[in-house]
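Undergrad: Given next are the chains, with one letter for each unit.
Protein chains: 2
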Amino acid sequence: MDTGPSRLGLMPKTPGPIKLWIRLTLPGVGQIGPGKIELLRKIREHKSISAAAREMKMSYRRAWLLVDDLNAAFRQPVVEKWMGGKSRGGATLTPTGEKLVESYDAVVARADSANRALLDELSGFTTRPRA
Amino acid sequence: MDTGPSRLGLMPKTPGPIKLWIRLTLPGVGQIGPGKIELLRKIREHKSISAAAREMKMSYRRAWLLVDDLNAAFRQPVVEKWMGGKSRGGATLTPTGEKLVESYDAVVARADSANRALLDELSGFTTRPRA
Numbered sequence: 799m800d801t802g803p804s805r806l807g808l809m810p811k812t813p814g815p816i817k818l819w820i821r822l823t824l825p826g827v828g829q830i831g832p833g834k835i836e837l838l839r840k841i842r843e844h845k846s847i848s849a850a851a852r853e854m855k856m857s858y859r860r861a862w863l864l865v866d867d868l869n870a871a872f873r874q875p876v877v878e879k880w881m882g883g884k885s886r887g888g889a890t891l892t893p894t895g896e897k898l899v900e901s902y903d904a905v906v907a908r909a910d911s912a913n914r915a916l917l918d919e920l921s922g923f924t925t926r927p928r929a
Numbered sequence: 799m800d801t802g803p804s805r806l807g808l809m810p811k812t813p814g815p816i817k818l819w820i821r822l823t824l825p826g827v828g829q830i831g832p833g834k835i836e837l838l839r840k841i842r843e844h845k846s847i848s849a850a851a852r853e854m855k856m857s858y859r860r861a862w863l864l865v866d867d868l869n870a871a872f873r874q875p876v877v878e879k880w881m882g883g884k885s886r887g888g889a890t891l892t893p894t895g896e897k898l899v900e901s902y903d904a905v906v907a908r909a910d911s912a913n914r915a916l917l918d919e920l921s922g923f924t925t926r927p928r929a
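Respectively, the protein sequence lines represent chains A and B. Under this note's numbering, think of the first position of the first sequence as 799, with each following residue one higher. Under this note's numbering, think of the first position of the second sequence as 799, with each following residue one higher.
Keep in mind that a hint or two might mislead.
What the hints assert, rightly or not - If the Cβ cut is set under 7 Å, some of the chain B residues that face chain A in the computed set are: (1) L818; (2) W819; (3) R821; (4) L822; (5) L824; (6) V827; (7) R842; (8) M854; (9) A904; (10) V905; (11) A912; (12) A915; (13) L916; (14) L920.
Because the hints were derived from the structure by calculation, they are not lab data. Every residue, glycine too, gets a C-beta built ideally from N, C-alpha and C.
Given the sequences, and given the hints that come with them, work out the whole structure.
TA: Printed below as a string of C-alpha cells:
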C-alpha cells in the first residue's frame with residue numbers, strides 16, 4: 799500500500815496561498831466541478847469536442863458522456879454540436895453554456911474573496927505558510 | 799460500462815438548492831475536504847479514532863493515516879491521542895484542530911452566502927430547479 803505523500807494528493811513543494819476547490823452540487827441533477835468547466839472552456843476554444851478531449855487527455859467517449867450529462871442537467875443544451883461542413887462538424891457553447899462557465903467562475907471568485915483573510919490566517923497555522 | 803445516472807454521481811430525485819462542495823488546497827501540504835473535517839468531528843464526538851472510523855465506515859488504518867496527514871500539515875497537531883487508562887486510550891481535537899473545523903465551516907458558510915443569489919438563479923436553468 800502506498801503511504802507516501804501522493805496517496806492523499808499532496809503536491810510538490812510549491813508554497814502559496816490556500817486555494818478553494820469548488821464543485822456545484824445540483825440535487826437530483828448532478829455535480830459540476832472544475833473538470834467539466836475546463837472541458838467546456840476547451841470546447842469553446844477549439845470548437846470541437848474531440849480536440850477538447852485530446853487536450854484534456856480524456857477519451858472522446860468520456861468527453862461526449864460528460865457533455866451529454868451537462869446537456870441533460872439544463873433546460874437548454876450547454877453545448878451545441880453540428881455535423882458536416884468543411885471542418886467535418888464541430889461544437890460550441892450555447893448561451894446556457896456561457897452562463898454556466900461564467901457563473902462557476904463568479905462562484906469561485908466570490909468564495910475566494912469572501913474567505914481570503916480567513917484562509918491566509920489559517921495558512922499561518924500550517925507547516926508551509928504562504929511565502 | 800455503466801452509463802446510468804450513478805456513473806457521474808447523480809443523486810436520487812431530491813430537488814433542492816444548488817450547494818457548494820469545497821476542498822481547501824494547501825500548496826505543498828495537502829488537501830482538506832468534507833471527509834477529513836467529518837472525521838475530525840466524529841473524533842471530537844466519540845473521543846476515539848477507532849469509533850470515528852467505524853461510524854464513517856473506513857478502516858482504522860485509513861483513519862490513522864488521515865489524522866497523521868492532518869497533524870503533519872499543521873505546526874501544531876490537529877488531533878491528540880493518548881494511551882492507557884480505563885478507556886484504553888482515546889483522542890481529541892487540539893485547539894488547532896478546533897480552529898481548523900471552525901475555519902472550514904466558516905469558509906463554506908461564507909462561500910454559500912456570498913453566492914446564494916447566483917446559485918439560485920443558476921438553479922432556474924437546470925432541469926430540476928429548486929422547489
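Undergrad: For each hint given before, does the structure comply? Return the numbers of the non-compliant ones in rising order.
TA: Violated hints (numbers, rising): 7, 8, 12; every other hint is consistent with the structure.
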